[in-house]
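Novice: Sequence:
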Amino acid sequence: MSSHVSSKEAQDFSDLNPSQREAVMHGEGPMLVLAGAGSGKTRVVTRRIARLIAAGVAPSSMMAVTFTNKAAAEMRERIAHLVGPRSAKEMRVMTFHSFGLELLGSEARALGLRDGGFTVYDQADCSATIREILRSIDAGKRFDIAAILARISLAKNAFETAESWVPRPHDEYDEIAREVFPRYQAALRSFHAFDFDDLVTETVSLLRRREDVRTRWQRKIRYLMVDEYQDTNAAQLELVRLIAGSWRNVVVVGDDDQSIYAWRGADITNILNFSEHFQGARVVKLEENYRSSASVLAIANAVLSSSRGKRFGKVLKPTRPEGARVEVAVCLDPEIEASFLVDEIQRATTADPTLTHDEIAVLYRSNSQAEPVEQALKEAGIPHRIIGGQKFYERKEVKDLLAYLRAALAPEDEISVRRVLNYPARGIGEASLQKLSSYAVARDLTLWQAVERAIDIDALGGAAVEGCRQFEQVVTVTRQMLERNTPSHQVAEELTRRIGLKEDLMAASPGEAFARRWRNVESLINLLKRRDERGPSDLQAVNDYLRMLTLQLSEEEEDARRVVTLCTMHGAKGLEWRLVFVIGVEEGYLPHTRTTDPKATAASDQDIEEERRLFYVAVTRAREKLWLTRCKHRSSRGKPMNRTPSRFLLDIPAELYDQREVSIRPGPDYQRMAQGAASVLKALDALKDGTARPVPRRRP
DNA sequence: GCTCCTTGGGTTTTT
DNA sequence: CCCAAGGAGC
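Quick note: the first sequence uses the numbering used here, first residue 1, plus one each step.
Be aware that one or more of the hints could be misleading.
For lysine-lysine, the following BS3-like pairs were computed, each having C-alpha atoms within a straight-line distance of at most 30 Å [said to hold, decoys possible]:
1) K89 <-> K220
2) K529 <-> K70
3) K529 <-> K502
Label pairs and their calculated CB-CB ranges [unchecked claim]:
4) R135 <-> E533: 42 to 50 Å
5) E494 <-> D456: 42 to 50 Å
6) G535 <-> R264: 48 to 56 Å
7) P640 <-> D15: 20 to 28 Å
8) D538 <-> A508: 16 to 24 Å
9) K396 <-> S205: 30 to 38 Å
10) E661 <-> D352: 21 to 29 Å
11) D456 <-> S136: 17 to 25 Å
12) T354 <-> D15: 51 to 59 Å
13) V57 <-> D444: 49 to 57 Å
14) A508 <-> V57: 53 to 61 Å
15) D352 <-> A108: 18 to 26 Å
Hints are computed from structural coordinates only; laboratory data are not their basis.
We put the beta carbon where it would ideally sit given N, CA and C, even for glycine.
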């Protein structure tokens, strides 16, 4: 509908500064928008889209690529606000991975996959695959699977194949990865599975080798926009190049100073060298910051000014007044830190009733830091949500149910079959699994085919044969229901009944845990129900939906009602709040030990620079008030440790912030201390009587 | 084959 | 401290 497009908001550019206007008015050809934090980059992207639509460009010929599905949803919403929901819906707004999924799904024939069947493996599935491979090659030592996976992932994103990749000498993880890589890739192919990296790299290789496919997609997508371009890797750059084709209508938006995903293969030279990759590119810098108070920006600029990395060298220019002083709270330990921040939230929201909880965030380096904060917020009755942490899709009961569905849809998906072959327990233990597996290998069968032939396997015991029969029956019935186009949620319900999932969960999880886990099962069934209402339940449709779930559900399905947000600094990118607490500003977290420890993967200055940028990202989330907190003591692995301030904090001139010590607070803390003292006295008494017992742990 | 216990080893970020 | 793997006992 054009009523939106012709609206004043979309066509009046007087509210934009000259650089923003230049970016919005840009027509064809490559452009790099270097957008500092809070400089209005989303605004520029969405306004440009609205302008192009107003100029007659079909929304369906445009694609905007974002970094997360959540960011995509938000961008689509903002576009809808400018141009109307109809046009917004026609546009492609998605992540690289979702795009890969769409393209591979619709080009299944070109890929040579029969009936479009492939599965998407998440990290847990990939880990399970590697665990099996390590077992099969008798790797001996207990390797860190995540480390192997990380190396394979980096190699794949750099277009190394199992054959071409050269491990670094004297790096035992490179060496084991060299062994695992070809087997891993072969295993995924035989399971008809793609991992997240494949979604991009396989798309690239398909577009490279099939001119017809390439041309088809280049005709489809005439305008391409990429957000958070500093976080793209080599494979994604290649995908951009292939899609952009000869039109080269590529607008990328990003900030080299916010590049924080090198550990995942992101290559900062993509943005630094954009003008070489796309000759004749226009470069626009957005340096005026509309988000943060001048006090916050002074801190942000100070953090970057000590940076030694290669940069475009932007400086954020404040447009807003000085605002409240930035404060540093030096706390005794994490519990004090948490109760201090709760106290401060209560004080601030009371003093300013317009400051609602959804305008407040607590940011930390690692998910484990959320726990004491959550505890303190809970005690104080402050509503909050944790972004990240244990994801819905990763919960065991959800994965188990999905594994059954996947096994029914595609029995060659061995990881799924393995996962539920003996769940709930039906007499097929490690030994029987080995026998099934070697039977399959010897005859070049899939594991599923071996299960079907269980009765013919002499080595297998009676209980195991019976278990295989039961499993085969459950899977077969499930498949038949799907073949008859039974709504998928009904299939899932019948499945839970047949395997006795409810009873098993009840038996395995005490009290409250059962309710929570069963609720997860019900939410999954509900999710399927909503899908059923929208479309058919044929095999293809359900399969498509399940593999999309792998991408979508690895993120938050959370609703952001008026609650305080807790999230990692990585997860905070692109978001903003009026009041922000950055906690744990200590050596060991910022930078993280893992990046400074010489024992870990060759710790380099580059890694530390990335940690500095991460701190910069965290700081620039604050609009009005920024608190930096750190602890003097903290226990790690049960051992108490003294903590020192982050080097990045020490780099900030002291006159830019106020500092205060927080050791103990009046109120509840005194009570807690008194209780603590009482229990110590009691324990001493007990020691004297000889009735000492291990003190039960406090947490439920 | 299953469950419970001991032991040893490692600390992050996520599509 | 927390998890996973391996061993003992049922």
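Novice: Take the hints in turn and mark each one as holding or not.
Specialist: Hint by hint, here is what the structure shows:
1. Note on K89 and K220: the hinted pairing holds, with a Cα-Cα distance of about 15 Å set against a maximum of 30 Å.
2. With a CA separation close to 22 Å, the supplied pair K529 and K70 stays within the 30 Å bound.
3. Taking the CA atoms of K529 and K502, the gap is near 19 Å; set against the 30 Å cutoff, the hint holds.
4. Between R135 and E533 the beta carbon distance is about 43 Å. The supplied range of 42 to 50 Å therefore holds.
5. For the pair E494 and D456, the beta carbons lie near 29 Å from each other, so the given range of 42 to 50 Å is not met.
6. Distance hint check: the CB atoms of G535 and R264 are about 33 Å apart, inconsistent with the given range 48 to 56 Å.
7. At roughly 54 Å, the beta-carbon separation of P640 and D15 lies outside the given 20 to 28 Å, and the hint is violated.
8. A C-beta distance of roughly 34 Å is found between D538 and A508, which places it outside the suggested range of 16 to 24 Å.
9. Between K396 and S205 the beta carbon distance is about 34 Å. The supplied range of 30 to 38 Å therefore holds.
10. Between E661 and D352 the CB atoms are about 25 Å apart, so this pair conforms to the stated range of 21 to 29 Å.
11. Taking 17 to 25 Å as the suggested C-beta distance range, the pair D456 and S136 conforms, at roughly 23 Å.
12. T354 and D15 have their C-beta atoms about 24 Å apart, which leaves the hinted 51 to 59 Å range violated.
13. Between V57 and D444 the CB atoms are about 53 Å apart, so this pair conforms to the stated range of 49 to 57 Å.
14. Taking 53 to 61 Å as the suggested C-beta distance range, the pair A508 and V57 conforms, at roughly 56 Å.
15. Between D352 and A108 the beta carbons are some 56 Å apart, a value that contradicts the proposed interval 18 to 26 Å.
Hints 5, 6, 7, 8, 12, 15 from the earlier list are contradicted by this structure; the remaining hints agree with it.
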